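All letters in the first sequence, in the order written, are residues -3 to 564 by the working numbering.
Please keep in mind that the hints were generated in silico from the structure rather than gathered at the bench. Fair warning: this is a prediction, and the values are worked out from it, not measured in the lab. Do not rely on the hints blindly, as some may be mistaken.
[To be verified] So the derived label-pair ranges between C-beta atoms look like this:
1) 88 with 304: 46 to 54 Å
2) 374 with 11: 47 to 55 Å
3) 346 with 77: 44 to 52 Å
4) 395 with 88: 40 to 48 Å
Where is the CB? At the ideal position from N, CA and C, for every residue including glycine.
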Amino acid sequence: MKWSQTFIPTLKETPSDAEVESHKLMIRSGMIRKLSAGIYSYLPLGTKILNKVTTIIREEMDKSGAIELSLPALQPLTLLELSGRIDAFGDDLLSMKDRHKKGIALSPTHEEVITDLVKNEVSSYKQLPLILYQIQTKFRDEARPRFGVLRSKEFLMKDAYSFDTDDDSLNNSYQKMYDTYCRIFERCKLDFLAVEADTGAMGGDVSHEFMVPNENGEDVIAKCRSCDYSANREKAEPSPIESDDNVTPDDPKEVSTPNMTTIKEVSNFLGIESNKMVKTLIYTYDNKHVAVLVRGDHDVNEAKLSKVLSSDEIALANEETVVELTNAPVGFAGPIGLKTQIIADQAVTVLKNCVVGGNKADTHIMNVNPDKDFKIDRAADIRFVTENDRCPKCNDVLDISNGIELGHVFKLGTRYSDSLGAKFLDKNGKERPIVMGSYGIGVNRILAATIEKSHDSNGIIWPLPLAPYEVLIVPINFKDETIMDTATKIYDELCDAGIDTLLDDRDQRPGFKFKDADLIGIPIRITVGKRLKETGELEIKLRSKEEVYYAKPENILTEIVKHMDSLR
RNA sequence: CAGAAUAUAGUUCAGAUGGCUAGAACGUACGCCCUGGGAGCGUAAGGUCACAGGUUCGAGUCCUGUUAUUCUGACCA
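All chains should be modelled from the sequences, with the hints used to inform the complete structure.
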């Protein structure tokens, strides 16, 4: 492609509404433009890169035995009502009425659609297992789109769904997709991590997220420093904390803590570390109340609590309820004398001489000891891990960091086949629900994550497999016939050899072209300039390296092929 | 959804206390010059000052409302 013939509007200035580096560079390099908040157009350069990624995904999915299809972007609300997910999506669902006043939605995902399709067409175990996938736009009305294409209202997703006869077969499909994902991300040159994840509103039991560690990522991952344990924040479990047997329990003592309702205030006032304090929170679930105890420096993980209580509808109790149950204003709740059920985090059970709320205004109680001074009905892991926690597998240090979620795989089980009635007849002629799995990849996020980790102050550094063009030819002087002729000749030669080449045939000064070249980040640059006249050589420079190599025009193809091999 | 900020040329921004024909840089067009890191000179085009009301002799500037965008948090299959 000749630069003058395509459409790559680069920008010298940083757009004012871009915050993270990948977003800035995607706009500056002419890959994308914003149409509206969280809605982006992909320009030719961005589209080419997107196509490189989808090609890799297709090749690997096809190799795994998955079959591509194409589902509609529109779906009737009735399907989401059947699966019960209309509430789970809530305001994130973009829905409307068609002319017949029928409710339809722009699909946020396709579990229901594919299950409905398969239920009508698959009726025998002989048709299973089956893995179907598509690469398609998804719509979610994000409350707060941000970071460019990392969180947008419309995004490209590769979603796959597996259909199996039983759990063993599902495990097989799941492993196949897991391995395929690893290969896809490896081919994209990403340093990814597969972490244990919570299944959230998706349902199912086992789930892994494919993450790229990055400070701008919205997810939090915990990773063990020495063993292979890693999990996302919702799921990560701390190693149990051991009790300190050297401390002798003292007798409880009431202290006045006027107007001090937060852990920090009480901790500062009493001069006691927050990890020697107990946070008592009243939760409501299924019309019942429960007191939840975590250490002062810990936070309740509602996903875990929800599982412990076996309830989907848990929430902090309102103020009146707290006052009624504790006989005190909010901020002074404590476990002593409470009539409700008490659930404590494991870390609370081993505390000695700790501080709790007094269930009385402006009062806390010191030197409190669990079991001795109050009863714990149930101890469990109900908190988020922190940097001070240890690995549950090997007890070494857990590192907590942010990550960008690129892929997510779920063992769904029969959640959707049950609610939508997708059944098959097994060998014995017995009707059974199809066992399903679901597997997603955020295609746009692969671009953003790649740029996040692969750029410098001048612009993007594309890895060869994703680069919009593999080679960029920069003739230094548009008006010099020798230079332009040579540039055009090697351009034709590289194109004929099947190398994706861009020729910067614009009448611009060299500095201008070099800046653009660095900005859009083509991996290999050939400069045709004064050296051609002096020694008859061309210059080859890799975007990722400082060195410059020289080659005669007649050897350029072999030289380029050599460099391309080194980049693969 | 809560809190906050912003909205002026294609882009990035200036435009105290209200005052004449709304500016700069970059970009764009044309000309000159130049051709190894966004060089220089000149000329020109380019504006519903987000929108709607209001106060005022007079509003880009003050007030009210609306909308949009961004940030922080909540939420997030």
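Now the hints, each set against the structure:
1. At roughly 27 Å, the beta-carbon separation of residue 88 and residue 304 lies outside the given 46 to 54 Å, and the hint is violated.
2. Taken as a hint, the range 47 to 55 Å holds for the pair residue 374 and residue 11, whose Cβ atoms sit roughly 53 Å apart.
3. Restraint check, residue 346 to residue 77: a C-beta distance of roughly 47 Å satisfies the suggested window 44 to 52 Å.
4. The hinted range of 40 to 48 Å is not satisfied by residue 395 and residue 88, whose Cβ atoms lie roughly 31 Å apart.
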